[in-house]
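I would like the entire structure built from these sequences, with the hints used as guidance.
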Amino acid sequence: MDLKFLVGIFLAAILTENYILNKFLGICPFLGVSKKLNTAVGMSCAVTAVMVIATAVTWPVYTYVLVPNDLSYLQTIVFILIIAALVQLLEIILRKYMPPLYNALGIYLPLITTNCAVLGVTMLVLEKGAADPNFGYVASLVNAFGAGIGFLVAMVLFAGVRERLELCDIPKFLRGLPITLIAASLVAVSFLGFNGIVDRLTA
Amino acid sequence: MAKNLVHEFTKGIIKENPVLRLMLGTCATLAVTTAASNAIGMGLATTFVLVCSNAAISLLKKVIPDKVRIPAYITIIAGFVTIVQLLVKAFQPSLDKALGVFLPLIVVNCIILGRAEMYASKNRVLPSIVDGLGMGVGFTAALLAMGIIRELLGAGTVFGLPVLSGFMDPIIIFLLPPGGFFVFGILVAIAGKLSEEGKAPETMGCASCPLASSCSKLQEARKKEGVES
Chain H
0 MDLKFLVGIF LAAILTENYI LNKFLGICPF LGVSKKLNTA VGMSCAVTAV MVIATAVTWP
60 VYTYVLVPND LSYLQTIVFI LIIAALVQLL EIILRKYMPP LYNALGIYLP LITTNCAVLG
120 VTMLVLEKGA ADPNFGYVAS LVNAFGAGIG FLVAMVLFAG VRERLELCDI PKFLRGLPIT
180 LIAASLVAVS FLGFNGIVDR LTA
Chain Z
0 MAKNLVHEFT KGIIKENPVL RLMLGTCATL AVTTAASNAI GMGLATTFVL VCSNAAISLL
60 KKVIPDKVRI PAYITIIAGF VTIVQLLVKA FQPSLDKALG VFLPLIVVNC IILGRAEMYA
120 SKNRVLPSIV DGLGMGVGFT AALLAMGIIR ELLGAGTVFG LPVLSGFMDP IIIFLLPPGG
180 FFVFGILVAI AGKLSEEGKA PETMGCASCP LASSCSKLQE ARKKEGVES
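Chains as they are written, first to last, in numbering that gives the first Met the number 0: chain H, 0 to 202; chain Z, 0 to 228.
Hints are supplied without guarantee of correctness; some may be wrong.
Claimed, not checked - Here are the simulated lysine-lysine pairs, BS3-like style, with alpha carbons at most 25 Å apart:
| hint | chain 1 | residue 1 | chain 2 | residue 2 |
| --- | --- | --- | --- | --- |
| 1 | Z | K121 | Z | K60 |
| 2 | Z | K10 | Z | K121 |
| 3 | Z | K61 | Z | K121 |
| 4 | Z | K14 | Z | K121 |
| 5 | Z | K192 | H | K34 |
| 6 | Z | K14 | Z | K2 |
| 7 | H | K171 | Z | K192 |
| 8 | Z | K10 | Z | K60 |
| 9 | H | K171 | H | K34 |
| 10 | Z | K10 | H | K127 |
| 11 | Z | K14 | Z | K66 |
| 12 | Z | K192 | Z | K14 |
| 13 | H | K127 | H | K3 |
| 14 | H | K95 | Z | K66 |
| 15 | Z | K121 | Z | K2 |
| 16 | H | K35 | H | K171 |
| 17 | H | K171 | Z | K14 |
| 18 | Z | K88 | H | K127 |
Unchecked claim - Some chain H residues well away from chain Z (every beta-carbon gap over 12 Å; in silico):
| hint | residue |
| --- | --- |
| 19 | M97 |
| 20 | P109 |
| 21 | C115 |
Worth flagging that the hints you see were computed from the coordinates, not collected in a lab. We put the CB at the ideal spot given by N, CA and C, even for glycine.
Structure follows, in structure tokens:
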């Protein structure tokens, strides 16, 4: 496995294929918990952990159980159930063995089951794997981790933007969500600037 | 009864429009509205799932134990989503390609779980079906409005027919992610203005998230623990 290839996947997942700003996955937490920096970081860490663990489980299940038995059409049901079970399990384990971490991240866990970014990443890595035979298990895990870090980057950047917005004099009918979305649009414009940068770096 | 049903149907279209007022299903709204035809396809697929899952959950509301209701709902919804996936793949392969991963992602569209939790689990079958239909139509209408605006400004066409050719050049950024956020923000502002004159639009739909109750409960529990320890 080529290290350059993996670094390229990792950077691409953060910058050019950012799950929030480019693929529109996980918009609900992006708008909902990005008001304060510390909640934004907590949520993103929980999402990153669940993304990596979910990919680690769904990839072998799909490749070695569903595909050989001709059951790949069950992908949606099986994946969402795996994610729901994993989130529950993670919550129980954290509560039992790592109470400080549970106190920090636990409240975000129930919200993650229905986070489309998690289900999205488990499906998109399989799509990529189907298109490119080099894109195996390790690459999928790296991609999932990068997607989580990209989520973190977007959340942290946007939390900063929103803290600024609080102090601004906004036209009345744009107050609240509309101005937040327009600010998100401007942050997304800045991420468009990364287009092509990863291909150049790793070429 | 009939009047009530009409109310259940119409409330989803503007007043409680799931996308523009309740802020549910934003991911799908932003992602698939680069063309009006995709918006309609996504809207119809979601409406189908919404109506079927509302009906099924309303029928099963006494059978499903309260503790495992969320996983049970998700399983029911995932079943209907798989049906839609197979149907679209068989009869509309081009739509399947255009929607891509967002077709299976209907399963985590908060509109469906939200209506299951807020409406279908408490009401009878017929009102639940009508509620699902109304919400589905509201979702489709919002998607269609966004799809038309983005396609018109970004590509100069509507449903693939050239409208603006020779009149003005397409503004490609409306097809890119930033344009999606921007058009959505403006539409939310307009819907807020239309439905409640003068009152600022709702800030965030975290309260309408189906898991908000458990989430805030956990937060309260955490606070209590903090006080005690």
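Hints, verified against the model:
Between K121/Z and K60/Z, the direct Cα distance comes to roughly 8 Å. Compliance with the 25 Å bound is thereby established for this hinted pair. Simply put, K10/Z and K121/Z have alpha-carbon atoms about 17 Å apart, close enough for the 25 Å limit, and the pair holds. The hinted pair formed by K61/Z and K121/Z meets the criterion: a straight-line CA distance of about 10 Å does not exceed 25 Å. Restraint check for K14/Z and K121/Z: the C-alpha separation of about 21 Å stays at or below 25 Å, so the hint holds.
Using a Cα cut-off of 25 Å, the hinted pair K192/Z and K34/H holds, with the two alpha carbons roughly 24 Å apart. Distance check on the hinted pair: K14/Z and K2/Z sit about 17 Å apart at the alpha-carbon level, within 25 Å; holds. The suggested pairing of K171/H with K192/Z holds, with an alpha-carbon distance near 10 Å, which does not exceed 25 Å. At most 25 Å may separate the alpha-carbon atoms for a hinted pair to count; K10/Z and K60/Z meet this at roughly 23 Å.
Among the hinted pairs, K171/H with K34/H is consistent with the structure: their alpha-carbon atoms are about 20 Å apart, no more than 25 Å. Under the criterion of a C-alpha separation no larger than 25 Å, the hint pairing K10/Z with K127/H is inconsistent with the structure, at around 41 Å. The suggested pairing of K14/Z with K66/Z is violated, with an alpha-carbon distance near 32 Å, which exceeds 25 Å. For a cut-off of 25 Å, the pair hint linking K192/Z to K14/Z stands: about 11 Å separates their Cα positions.
For the given pair, K127/H sits about 17 Å from K3/H by alpha-carbon distance, which is consistent with the 25 Å threshold. For the hint pairing K95/H with K66/Z, the CA-to-CA distance comes to about 21 Å; that is within 25 Å, so the pair holds. For the hint linking K121/Z to K2/Z, the alpha-carbon distance of about 19 Å falls within 25 Å, and the restraint holds. Between the alpha carbons of K35/H and K171/H the distance comes to roughly 23 Å, so the proposed pair stays at or under 25 Å and holds.
With a C-alpha separation of about 20 Å, the suggested pair K171/H and K14/Z falls inside the 25 Å cut-off, and the hint holds. For the suggested pair K88/Z and K127/H, the alpha carbons sit about 19 Å apart, so the restraint of at most 25 Å is met. Every CB of chain Z lies more than 12 Å from the CB of M97/H, the least distance being 15 Å, so the non-interface label holds. The non-interface label for P109/H is inconsistent with chain Z: the shortest C-beta to C-beta separation is roughly 5 Å, within 12 Å.
The claim that C115/H lies off the interface is violated: its Cβ sits roughly 5 Å from the closest Cβ of chain Z, which falls inside the 12 Å cut-off.
Of the numbered hints listed earlier, those contradicted by the structure are 10, 11, 20 and 21.
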